[in-house]
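A.B. asks: Next come the chains, spelled out residue by residue.
Protein chains: 4
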Amino acid sequence: MTLRELRELSEGMPFNKLVGIRVVRQHSDGVTIACPMSERLRNSAGVMHGGVMATLADVAMGVGLASHFDGRRPVTTTDMKINYLRPIQNGKLVARSHLLRVGKRLCVGRVDMFDAKRQLAAVAIVTYMLLE
Amino acid sequence: MTLRELRELSEGMPFNKLVGIRVVRQHSDGVTIACPMSERLRNSAGVMHGGVMATLADVAMGVGLASHFDGRRPVTTTDMKINYLRPIQNGKLVARSHLLRVGKRLCVGRVDMFDAKRQLAAVAIVTYMLLE
Amino acid sequence: MTLRELRELSEGMPFNKLVGIRVVRQHSDGVTIACPMSERLRNSAGVMHGGVMATLADVAMGVGLASHFDGRRPVTTTDMKINYLRPIQNGKLVARSHLLRVGKRLCVGRVDMFDAKRQLAAVAIVTYMLLE
Amino acid sequence: MTLRELRELSEGMPFNKLVGIRVVRQHSDGVTIACPMSERLRNSAGVMHGGVMATLADVAMGVGLASHFDGRRPVTTTDMKINYLRPIQNGKLVARSHLLRVGKRLCVGRVDMFDAKRQLAAVAIVTYMLLE
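Protein chains in written order, with my numbering: chain U, 134 to 265; chain S, 134 to 265; chain R, 134 to 265; chain H, 134 to 265.
No wet-lab data here; the hints were simulated from the structure.
Everything numeric in this text was worked out from a predicted model, so none of it was measured.
Treat the hints with caution; some may be incorrect.
If chains are identical, the list can't say which one is meant, so a pair holds when it fits in one copy or spans any two.
[As the list claims (entries may be wrong)] Keeping only pairs whose Cα atoms sit at most 25 Å apart, straight-line, the calculated BS3-like set for lysine-lysine is: (1) K250 - K237; (2) K225 - K250; (3) K150 - K237; (4) K150 - K225.
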């Protein structure tokens with residue numbers, strides 16, 4: 134899949150569009166996606182909601198797998214673990230997925246998330262299952 | 134805090150309102166919240182986006198802590214682990230938090246999530262840190 | 134499998150025997166296992182090593198699956214998340230597994246761990262994959 | 134702390150010695166430790182027990198923090214998530230910790246684990262809390 138096709142795939146998901154996620158780049162082992170901070174993504178402390186960051190982790194891995202399998206394998210998330218390291222006040226959150234293991238059934242990836250100053254803002258490990 | 138105050142707190146978070154989360158009930162050890170499925174919450178497989186379910190896990194624990202501390206302690210999520218057990222096609226996702234440990238610094242809770250048939254759809258463990 | 138057979142299965146694993154794990158009870162949805170504290174299980178702070186508690190989480194779920202499938206399905210752990218809530222100084226650590234979802238490929242369970250005072254000392258979510 | 138002092142610290146923990154863990158190298162952002170496979174570390178499938186690998190994840194992060202703080206800060210593990218990617222049949226398991234965030238209260242690290250062929254065998258994210 135080309136970058137353009139991955140973007141269409143991602144933005145074809147209603148929730149990704151609602152959140153404002155954009156696919157930025159393809160790599161040999163994953164993708165980079167980004168999400169600009171906006172008022173509607175805030176929590177009560179005024180920073181980016183933890184659920185938004187978890188959404189990016191999920192999407193970065195899912196789009197990474199679409200890129201890897203050329204969009205031909207249906208997949209579903211089975212689990213995710215995310216550690217929040219720094220709050221996002223403003224600017225863009227960038228998420229870079231690295232496929233660590235693509236097995237016959239399960240695929241595991243790491244997602245590193247960076248704030249506008251390029252500091253690590255969160256790290257996630259996400260597992261997807263390949264459906265038949 | 135009363136149920137009404139918890140609702141105002143939750144809906145005062147722009148992202149919670151965007152997702153459509155509603156606080157349903159207070160318990161001695163947590164709260165129940167719910168989120169009706171809607172078109173904009175879907176992923177490319179047509180089911181509820183994993184990011185939405187992660188958002189509910191985060192919110193169920195955060196509102197549970199607000200209830201426990203009567204809204205007096207500022208908190209922030211430090212990590213979350215969620216396992217997806219069943220896809221949500223339609224109906225309401227219900228999330229029930231249980232505060233397992235309220236420490237001096239860290240609070241850990243479990244969130245059980247149920248589909249419209251009352252089947253367990255996901256389970257999460259969420260950690261919050263109490264800020265000074 | 135009977136309780137005696139589950140014990141033999143568990144103690145047939147060299148590492149379980151080294152750690153001193155004993156299967157205590159079968160339930161409809163899991164098992165209870167226990168491990169007495171001993172000098173060799175300590176870390177540098179003098180309490181039970183986090184690795185020991187993670188081992189119990191893994192075993193409680195594995196033996197729970199052996200009980201569920203009557204020992205007929207080969208399985209392997211794919212991931213585990215454990216939160217440490219209270220240090221174990223002395224006495225027995227008791228771990229109770231609850232199978233939350235037994236799927237065609239993946240099985241997810243929760244393990245609650247208790248100290249000698251019956252206080253929750255740790256909680257884990259463990260995923261196993263059924264091998265062909 | 135020197136490499137020798139880190140080794141003494143690690144081997145001073147009874148459980149680390151029981152498992153056979155050895156500190157191999159110090160890095161600017163963590164340490165490398167190793168554990169040779171041995172009969173007593175096996176599970177019923179004949180491969181390295183998941184609890185052993187979880188123990189290495191915990192230790193790699195703990196020793197990495199001792200190196201970072203020169204052994205001056207008491208710490209305790211608060212949570213760990215480990216994904217098992219490949220079974221360890223024989224040879225040495227090598228675990229390399231990377232401190233991702235050293236905060237005022239919480240420290241988060243990633244631990245990459247490799248089998249004898251240098252393939253990624255497991256990945257973990259571990260959180261420690263700094264005690265007063």
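A.B. asks: Compare the structure with each hint and give your call.
C.D. replies: Verification of the supplied hints:
For the homomeric pair K250 and K237, the shortest alpha-carbon distance between copies (20 Å) is at most 25 Å, but the shortest distance inside one copy (38 Å) is not. Within a single copy, K225 and K250 get their C-alpha atoms as close as 9 Å, which meets the 25 Å cut-off; across copies the closest is 39 Å, which misses it. Taking the shortest Cα distances, K150 and K237 never come within 25 Å of each other, neither inside one copy (31 Å) nor across copies (33 Å). For the homomeric pair K150 and K225, the shortest alpha-carbon distances inside one copy (15 Å) and between copies (21 Å) are both at most 25 Å.
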